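Taken in order, these protein sequences are the chains called P and R. Take the first sequence: its position 70, counting from 1, is numbered 70 in full-length UniProt numbering, and each next residue is one higher. Take the second sequence: its position 114, counting from 1, is numbered 114 in full-length UniProt numbering, and each next residue is one higher.
By construction, these hints were calculated from the structure, which means they are not laboratory data. Heads up, some of the hints might be wrong.
For chains that are exact copies, the list does not tell them apart, and a pair is met inside one copy or across any two.
As the list claims (entries may be wrong) - Here are the simulated lysine to any residue pairs, SDA-like style, with alpha carbons at most 20 Å apart: (1) Lys88 with Leu183; (2) Lys88 with Ala144; (3) Lys107 with Asp159; (4) Lys14 with Val42.
Given the structure is predicted, the values throughout are model-derived calculations rather than measurements.
Number of protein chains: 2
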Amino acid sequence: MITMRQDAQQNRQKILTTANQLFREQTAANVTMAQLAKAAQVGVGTLYRNFPTKGDLFLALAYDQLGSYVSQQRAYLTTHPLDRPALKHALRAYLAFRENRYQVLPKGSLEPASQYYQRPDYQDLVHLFADLIQGADPQLAPAAVTFKADMLIAFFRSDSYALQRDVRHYSETEILDQVMTILFPVSS
Amino acid sequence: MITMRQDAQQNRQKILTTANQLFREQTAANVTMAQLAKAAQVGVGTLYRNFPTKGDLFLALAYDQLGSYVSQQRAYLTTHPLDRPALKHALRAYLAFRENRYQVLPKGSLEPASQYYQRPDYQDLVHLFADLIQGADPQLAPAAVTFKADMLIAFFRSDSYALQRDVRHYSETEILDQVMTILFPVSS
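This is chain P alone, in the form it adopts within the complex (with noise of 0.2 Å):
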């Protein structure tokens, strides 16, 4: 039996998964909410309900895929060790994550940084690259650590990202190789 909570939760994703299809295929501000609806079988009071405005489904969107992103790569550690290749790894998806946010949304912040900067999922991902960075190198200090994080993260929110693409014409290949090269290289 499916409760009406699960079925709630469901239009939400299913909306959320069609947003993304959608946004791919098209420019996300020319989409309208009525096509959206439609494209993903909801009703349009069910997608307002879930999103009143489209700033709103954006901003869902990203969360939610960032939200996944830190469940796999979480899955991923249960299986493999806390060591460089699997940083690598989880750099070359947060790459794939934030690729798919270049192409998908539109250009810029979705909300204040500072907003961002205190929510758990900023946290949530603090704690997976601290993971990662401390795993890689075991001898470096907490502090340090936490550091990188913030660093890694800052560079990679979706303007500066945006500059590597745009300006700098870098591929996400070599986005990931100078960051590896820069921020963790391979101890002599």
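Mind docking chain R on chain P? Use the hints.
Showing chain R alone in chain P's frame:
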């Protein structure tokens, strides 16, 4: 003889210098344009002609100080070699600039980051940092030099800097030391 143009330039500079002083003493948001005009000894009309809104004033103040910072560092480098101590000297002064920004101007971005990244001021700062980074490590590939400069600037943007000060409780000196250790380790 002082031409009108010089006179206008002097008024503008007097307003910016006075604004910085006033904003250090009181919260920037509480200072009225009338108070500022009086303190700077210019007419209210002159003030508004230069800065139609307080947002314009904040932005002009930030860029005026960034411009001064870059000029001062370029002047310093005419009599000092481009080496690791020069890089540290420049970063210490940059942190003082960020700290003043953090103390004096409203929290958060004054403009979208994408605008900031397109400004000549940003290019000047990247070039300054790139010259210093290359000087400190002549072996580093040019692409990695620019990448490090971008990374530094992204990390020091206002919200990220505020995170380090407010949440991580680092002092300017601690931030400088972490950055030097992580991004510019003394080659062994």
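Against the structure shown, which of the earlier numbered hints fail to hold, in ascending order? none
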